[in-house]
Amino acid sequence: MLGWTFLLRPCGLFPDSRLGGARERAQAGAIRAICNVCEIFGDQAAYQLMERRKTAGEMSAAELAEMLSQVQAGNADAWGDLYRQYAAAIFRFCRRALPTREDAEDATTEVFMKVRQKLGTYDSSRPFTAWLYKVASNHCWDMLRRRRIRQDLETGDLETLPLEHPDPDQLERLQTEHTNKEVRNGLAKLPDRARMALVLRYYADMSYDEIADTLGVRRAFVGVLLLRARHQLRDVLGTGMTGARGAAAESK
Amino acid sequence: MNHFDEMTALMYLEGQLDHERAQEVSAHAGACGPCRELLRALQSEDLWLRQALTIDEEAIPARLLEPPERASASWGWITALGLSAAGAYTLWTGFVEWQAQAAQAGFTQNNLLTMLFFSGAFWKGWDAMRNLMEFLAAGSLVAVVSWLLRRHWRRLTTVAAVMGVLLFALAAPQRAGAAETKKGDPNFTLPSGEVVHTDLFVVADRTEIDGEIDGDLVVWSREVIVNGHVKGDVLCGAETLRMNGTVDGNMRTFVKSLDITGTVAKNVMTWSGETDLENKGSIGGSLTLGSNDASLAGKIEKDVMAMAHTLDLTGTLGQDATLRADTLNIGSSAEIKGHVKCECKREPVIAPGAKLAGGIERGIQRTIPAETPRYERARFYWHRILLWGVGFVFGLVVLLLIPNFYADATAACKKYAPAAGFGLLFLFATPIAAIIACCTIVGLGVGIATLLLYFIAMYASTIWVSGWLGEALLGPRPGLGPAIGRLALGLFILHVLRILPYVGGWILFVVMFWGFGAMVLAIYKRLRPQLATTPAPAIS
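If you read the sequences in order, they're chains A and B.
Counting from 1, one number per residue, gives the positions in the first sequence under our numbering.
Counting from 1001, one number per residue, gives the positions in the second sequence under our numbering.
Don't read these hints as lab results, they were simulated from the structure.
The hints are all genuine.
Derived coverage of chain A by chain B (criterion: at least 3 residues anywhere in the stretch with Cβ under 8 Å from a Cβ of chain B; other residues may be distant):
hint : region
1    : 87-100
2    : 105-113
3    : 193-206
4    : 220-226
Glycine included, each C-beta is placed from N, C-alpha and C at the ideal position.
Assemble the whole structure, with the sequences as input and the hints as a guide.
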C-alpha cells in the first residue's frame, strides 16, 4: 500500500482497537498521529508519534527519485519497476472509484500510460504518490463524466443537508454490522460524485483543495459533498439511522 | 454555545475549521455529552470508512501484473477504422477509382458524389451496390457487437477476429481479377496495335485509346477519345468523351459532352451535359440518357429512355421510346419501330416524314410502384435487421459523442404536448424555410445545408423516441450499458411497429415529429439554460 497507512492503534479514550482512532498524517515531513477526540479531552496521548508503516518493497525518496529519472530517460526496466510498485494501489483506487472491475482494469492501464507521458510535469517537491493519485483521480473522473447520463444529483439537492445529530448508537451499530466488503459494495451503489468524494478523501487521503480541483467544485462545497456522501452510504447500507430526517432530505 | 450540527462536527474532525471556531467546538464538546458522542461517532465512522476502503481482499488481475507496452486503444475504434479502410478499399478496387482523380477530371465535389453513387450503382448494377451497403452494414454490426463484448474476449482472440475480418474484406475484392492501372503524365495514349489483356484503369488529363483492350476500360480524364476496340465495358468520367471506335460491352458515362460516332454493342447509360449520337454511331442495346441537350441521329437497336431539356431525334430506334423533355423534336429522317411515350412541356415537333410505327402517346405520368413490404421473404426481414443495425450504430455514435444532449432530447420526449407541437411546426416549417433560402439572396448553400441537416434530424428523431421508449420499458437505470440497452430495445420496437401494414407509416410520422420536437426542446434548453426549468408552452 502506498501513501500513509492509518494505524488502528488504541488510544486512551477508546481502548477498543476498532474505535481507537489515530490517523497518520504527513505534515512538513513529520509524521504525527492525531486523534481529535483525544485532543478534545486532553486525555493521554493526544498526539502520538507513530512510525510510518512501510509496505514491502516501498522505497526511499532517494530511490524513488533515481527510479523516476531513469524512467524519464527511457529505461524500460525502471518503468517496469515503477509500474509494479504502484500498479496494485492504483488498481485498488480505480476499483473503488469506478463501478466495475473491468473499468478499473482498463483505467489502471490508461492511468499508467498517462503517467509515463506526463512524468515530466511531476514536481519532485511534492509526494509522488499524491501526484499519482491526482492523475488517477482525474482520469477516473473524466471517465465517469464522459459516460454519465445525468445520474448525479444536482448541486442544489446536495446543499439541503440535515442539521440535526445522527444517532451515535445507530451509527456505531452500522459500523459493527457491516464488513469491509459490504461497505465497498455499498460504495459502488452511490452516485459517481459521492463515491468519488469518499474515495478521494478516505482512500487517497487527498486534501480538500485537491478534491475540489479534481471534481470541479468549490472548496467550500467539498465538506458538504463528503457529509452528503456519508449520509447516502448510511442509507444504502440500510440503517435507517437518519430516519425521517434522511428521508426528508432525499425527498427534497 | 448551542449544540453544533453534524457539518460543523465533521469540519472540526477534518481540521477544516479556523482556530477560533475549533476552540469553541472543543470547549463545547468538553462540556456537552451529546455533542461529544456525535464527535465520537463521526470519528469512528471516519476510521471505519478508511479501514473499509484501505483493507483489501481482492486480488490484482493478472493482466495488470506487467506494465502495458503501449497505449491500450479501444477495440471499437480499431474495428471501426479497420472497417472504414476495408470499405474504402472495396470502393477503390471493386467499383470506381474516384478520389485522387477529382481535380484532374474537373469535377466539383457534388458531381463527384453523384458520380460515385450513380456510376457505382450502374456500373455493376444495383445488386452490387446493395451488396456493398449490406457488407458495410453487416460489418458495422459485427464491429459494434465485438466492441460491446470486448470485455469478455481475450486480447489475442480479439486481435485475431479483427484481423480476420480485415483480411477477408481486403481479399474479397482482389478476386475480381487483375487490372492494369495507368496514370497519365499528364496524357495517356494506348497506341494503335497495342493490346491490354486485362481491365485498364486510366487517370490522365487526356486519354486516347487507339489500341485494343480485352477487359473493361475505366477512365477518368478531362478528355477521352476512344478510337480503338474495347471488348469489355467502358466506364468514364470526363469532360469530353468521343467514342469513335468499338465497344463490345456496355458504356456508362458521366461527362459534360458525349459524342458517339462508333459502335457500342450493348447498352449505353449516360449522364451528360450534351449527348450526340451521330449518324454513323450505333448502339446495339438500349440507351438510358439524362442530358441537357441530346441529339440522337444514329441507330439504337432497342429501347430508349431519355430525360433531357432539348431532345432531337432523327435516327433509328429499334423498339419503344420513353421520353421526357422540355422540347422534343422528331425529325423527318427519324424512324421509331416501337411505341413512343413522351412527356413534354411544349408540344413535340414531329416532322411530316418521321416514321412512328407504334404511334405516340403523350402526357404519360411516370408512376413509381408503391413499395409494399414483402412479408413472405426472408430478405425483407434481413433488410429490416440491417436498418435497425444502422439506426443503432447511429444512435450509439450520438450517445457516445453527445451524451448530455442525448439525455436532454430523450427526456424532452416526456413533454408530450410541447414536443409534438414544436415537432409538427418545425417538421413543416424547416423545409419551407430552406426552400425559401434556396430561392432568395440567402443562397443555395445555406438552403441545401439546412435541408441536409433537416434530413439528419428527421432520422435522429427515431433515436430520441427509442431512448424514451426503452426508458419507459426498462426504467431509468443510470450508466452507459443500460442506456445502450434502452436504445436497442426502443429502436427494435419502433422498427417492428413500422412494418405493420397501414398503421406503420402513421407511427413513423408520429415518431418523427415527436422526436423532432424533443430535439428542438433540447436545443432550446441548451441555448437558453436559464429557462430550462420552465416548461415550454404547449402549442394547441
